[in-house]
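S.K.: As a plain string of letters, each chain reads:
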Amino acid sequence: MTTSRIENPIIQVNDLKFYYPGNARALHGIDLSFPEKQVTALIGPSGCGKSTLIRCFNRMNDLIDGCRIEGEVILEGESIYDQNTDIIELRRKVGMVFQKSNPFPKSIYENVIYGLRIAGEKDKKLFDERVETSLKAAALWDEVKDRLQESALGLSGGQMQRLCIARAIAVNPKVILMDEPCSALDPKSTARVEETIKELRDDYTIIIVTHNMQQAARVSDHTAFLFEGNLIEYGLTDQLFVKPQNQQTEDYITGRFG
Amino acid sequence: MNPAFLKKIKRNDRIAAWIITIGGMAVIVSVVLILLLITKVSLPLFYSPDSQLYTSFQLPGDKTGKQVFTLGMDEYLETGYIVDSGGLVRFFNVTDGSGLDNYQFISESGSQSLVSIQRYGRLNHVLHWNDGSVTIEQVKFSPFFDENNNNLRSIQHSIERQAAFAAPATGRSEQVVARINEEDRQVRVDLLQNGTLRVSLTEEVESLFGAAELVEATHQLENTAVGQITTMILSNDGIQLYAGTNQGEILRWNLSDIETPLLEEVTQAFSDHREITALNLVFGDVSLIVGDNQGGLTTWFPVRNSDTGWKLTLIHELTGHAEPIRSVSPTPHDKSVVSFASGGVQISHMTSERFLVGIDPPEKISHYALTTRGDGMMTLTEQGQLSSWKLDIPHPEISFKTLFGKVWYEGYSEPAWAWQSSAGTDDYEPKLSLSPLIFGTLKGTFYAMLFAVPLAIFGAIYTSQFARPKFKGVVKPAVEVMAAIPTVIIGFLAALWLAPLIERSLGSMFLSLILIPAALMISIALWQAARKIEPLKRVERGFEFLAIAPVIIIAVAIAAVLGPGLENWFFAGDLKQWLFTEMGTRYDPRNCIIIAFAMGFAVIPIIFTISEDALSNVPPSLKAASLALGASRWQTVWRVILPSASPGIFAGTMIGFGRAVGETMIVLMATGNTAIMDLSIFNGMRPLSANIAVEIPEAPVDGSLYRTLFLTAVILFVMTFIVNTVAEIVRQRLRAKYGRF
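First to last, the sequence lines map onto chains H and C. Per the numbering used here, the very first residue in the first sequence carries number 1; after that it's consecutive. Per the numbering used here, the very first residue in the second sequence carries number 1; after that it's consecutive.
Don't take each hint at face value.
A few chain C residues that face chain H, going by a derived Cβ cut-off under 7 Å, partial list only [to be verified]: (1) Ala217; (2) Ala628; (3) Leu629; (4) Ala631; (5) Gln635; (6) Trp638; (7) Leu642; (8) Ser644; (9) Leu734; (10) Ala736.
Below, simulated DSS-like cross-link-like pairs (lysine-lysine); rule was C-alpha separation at most 30 Å, straight line [to be verified]: (11) Lys40/C <-> Lys401/C; (12) Lys100/H <-> Lys737/C; (13) Lys174/H <-> Lys198/H; (14) Lys174/H <-> Lys623/C; (15) Lys122/H <-> Lys93/H; (16) Lys124/H <-> Lys470/C; (17) Lys623/C <-> Lys37/H; (18) Lys136/H <-> Lys124/H; (19) Lys136/H <-> Lys125/H; (20) Lys145/H <-> Lys737/C; (21) Lys737/C <-> Lys188/H.
Read the hints as simulated data drawn from the structure, not as lab findings. On a predicted model such as this, the values are computed, not experimentally measured, just so you know. The beta carbon of each residue, even a glycine, is placed where N, CA and C say it ideally should be.
Throw the hints in and build the complete structure from the sequences for me.
M.R.: Here is the structure:
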């Protein structure tokens, strides 16, 4: 086991246990820290709990009826599972990009400003500004700037996923969770999205779940390897991939299972 | 793969494709067939009438040179007769003109010379003899079936004297009208040569001791007209007397009181003072047919006016002639009018104002007669050519205007949209306006949807988006069971339980309309505040309805308790009375409130189920995306889920609408079936569907009513077709906009 503690983490996970309905435990006590403004990749075989873990960070697991959670997740010094936590505020701080791109059946413009609109924002100038900066940050601006009022559903798969990224960053979150953002994309689109992730790391903390070890190696600064609900190894990406400390990690990254 | 197996798969695939295609086509074909079938039945309503020359021959030679006064025939167009100025009736065979037998009319004093003959009713003839006396003779035809001869039908004829009036002391009259009614009340009106009118009445009066006593009276009638009386007509019951003058005036007397005949009005009918040349009464003796010397043909009846009382009013203007009208007569079974001028004979219908047929042979007609059934006519030209005509007038009272427009019906004070297809008497003017029925359908549907749509859609939103899946698993099937309740039971409950209940507690009902939302608002505000308290925080979401239910029950209970008191206080004890006196609205126990509840109850499951499905089928990824961006549940529903589900919700609403439009049993039982055009929520309606159900058992097959009911079915069909088509187009548009999942 490696130490997963770092200085001044933006998210600190302490002994996190997660039970799906029927008391099926998916996470067996995770301790993990995420450094600010860096890309952390969560890797592991299917069913290892990596998606469950990041969904704990914006409490998306609350949607599951009958699930249970133990332990704590601390975001900027505050436990997000506290009774007083405002979930809406939490989710504005912790944005999320899903495995399957899910733009709203609205225009590209409306998609990007959705987060602002629901926060009660009405300033048209701010909308325009935010649309431009977000789409630029998501490296989509040049492709869509002439058709912002067209339906987002007319975009290609890769463009849709980048639109979802733009939508997430339009509300200025601290953390962006990405749950296998490229798993449904072709290699070219994947490359564009990865490019986007690299450009975002200067401004946002990114936690990315991926199946694809090459992707983790390409985009992340830190990598955590999860297996069967346990954190097996955590470290700098370069180290973890080159010189894994743990046999299981090595087996996984060398493709012996997974 | 095994080639045999592959073949089998392909074969099954083909068979399935065939079956599905055949099934689909069969559905389309049957729908089209239904439409064609009902259209086919209703289409003859719009066929134009037709007349056909049946037989024609020169009238058998008449050596005496006596003038023909009138003619007539039986309803089978087999036996005809003419009456000449000598009172001789000659029966003949209509097909070939061969003479049958003759009969001689003789006056009471033995005279055989006639001044004039008037026909009225069922082959009644008023014979005005040159000795001044009058007799009423009826020609009777009756079919006779000869048992010895293969039940061959032949027409027997006979003559029966109905009444005889003695000659007046004043000598010969210019004109005479006379009638005898069922109670043997005899009325004779004479237009004397000096222009005055004299009436003589004979009436049987029962004395105090039950002995019948004959009362006779003779009066000179009051006459304030400027012009000379040119024509007059007496109603068949001998009570209403009308006369027209050469100055365009119409006079109306009431002869019901044997002692004091009353001149009720003198109306200047035509401002150009044209001469009135012919008067008669439309079947039913309400409307007066007026023919004038400019060929104009109009009908009139007295309309009550607050200033002047009953006043003859121009109601219908029918197709006139180019020449002065010589005579007018009613048709014997409907509200048609036969008019005769030198140019020919025309038949028009009063209510529909339709010109039906014109008979215009090359030679000038001198006499005409209509069969008692109204489907045949006989004409005699001045040259003695006698022709019989078959008339085919299928539905004279139907026109676009009578079906959809405002029509001034007999006895109405103004033109109206009315549906009243039948009444107790034969001489009733059928009112077949479809407008109140279409209005009723839309009204009932509107109120039902007003109640059902918000409830169903909000219910669907709650169940699909807010409620726990377990709760949804109970609610959804329960609501779907609602749809399985036979509508006759809903209608029954609505009519016999709900209607009296609401009628009793109208005040409470309105109060609860205010109290329920108010109570909900207060309880929500309280709940928001209470939510901050520690133990209440743990109350799980998705069970809010548990807190809502008692609130609603309490609100209704408070309304029930306070309602009567409130009614006492504000509405002088009776809200219904108050509505009537203050607002001018009549409260019918079976009204739109009942319909909204009952039909809403039937429609809610449909809208709810389809909307719920549509809402549940919105991809969870969209919901997740919205929530992950920090949207509240309601924001997510409002901004993402609802737009995405809108095609489905719209489709559900439209299917519910279609169901409400076609719903029959509930409206039949709970609307009161009053064909009125009034948007008020406090009275009922008569929708198309209920109308068909109510009237089709009573409608004679292939009659006007029958076909009109089929026409309403076509309208209903077209309405639902339009609604569904529009719904489908809108749904496709919505889906193109929000769909692609």
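S.K.: Sort out whether Lys93/H lies within 30 Å of Lys122/H, counting only the CA atoms.
M.R.: 20 Å, holds
S.K.: Is the straight-line distance between the alpha-carbon of Lys623/C and that of Lys37/H 30 Å or less?
M.R.: 28 Å, holds
S.K.: Are Ala217/C and chain H close enough, Cβ to Cβ, to be under 7 Å, as the hint says?
M.R.: 91 Å, violated
S.K.: Taking the least C-beta to C-beta distance, is Ala628/C closer than 7 Å to chain H?
M.R.: 4 Å, holds
S.K.: Quick one, are Lys100/H and Lys737/C close enough, alpha carbons at most 30 Å?
M.R.: Answer holds: Lys100/H to Lys737/C is near 20 Å, not above 30 Å.
S.K.: Can the restraint linking Lys174/H and Lys623/C be considered satisfied, given a maximum Cα separation of 30 Å?
M.R.: 22 Å, holds
S.K.: Holds or violated: Lys40/C with Lys401/C, Cα cutoff 30 Å?
M.R.: Within the cut-off at roughly 21 Å; holds.
S.K.: Does the CB of Leu629/C sit less than 7 Å away from some CB of chain H?
M.R.: It holds, given that the least Cβ distance between Leu629/C and chain H is near 4 Å, below 7 Å.
S.K.: Report holds or violated for the interface hint on Ser644/C, using the least CB-CB distance to chain H and a cut-off of 7 Å.
M.R.: 6 Å, holds
S.K.: Less than 7 Å between beta-carbons is the criterion; does Ala736/C satisfy it with respect to chain H?
M.R.: 9 Å, violated
S.K.: Is the Cα-Cα distance between Lys145/H and Lys737/C 30 Å or less?
M.R.: 21 Å, holds
S.K.: Tell me if Trp638/C is really an interface residue toward chain H, meaning its C-beta lies closer than 7 Å to one of theirs.
M.R.: 9 Å, violated
The structure fails to meet hints 1, 6, 7, 9, 10, 16 from the earlier list, while all remaining hints are met.
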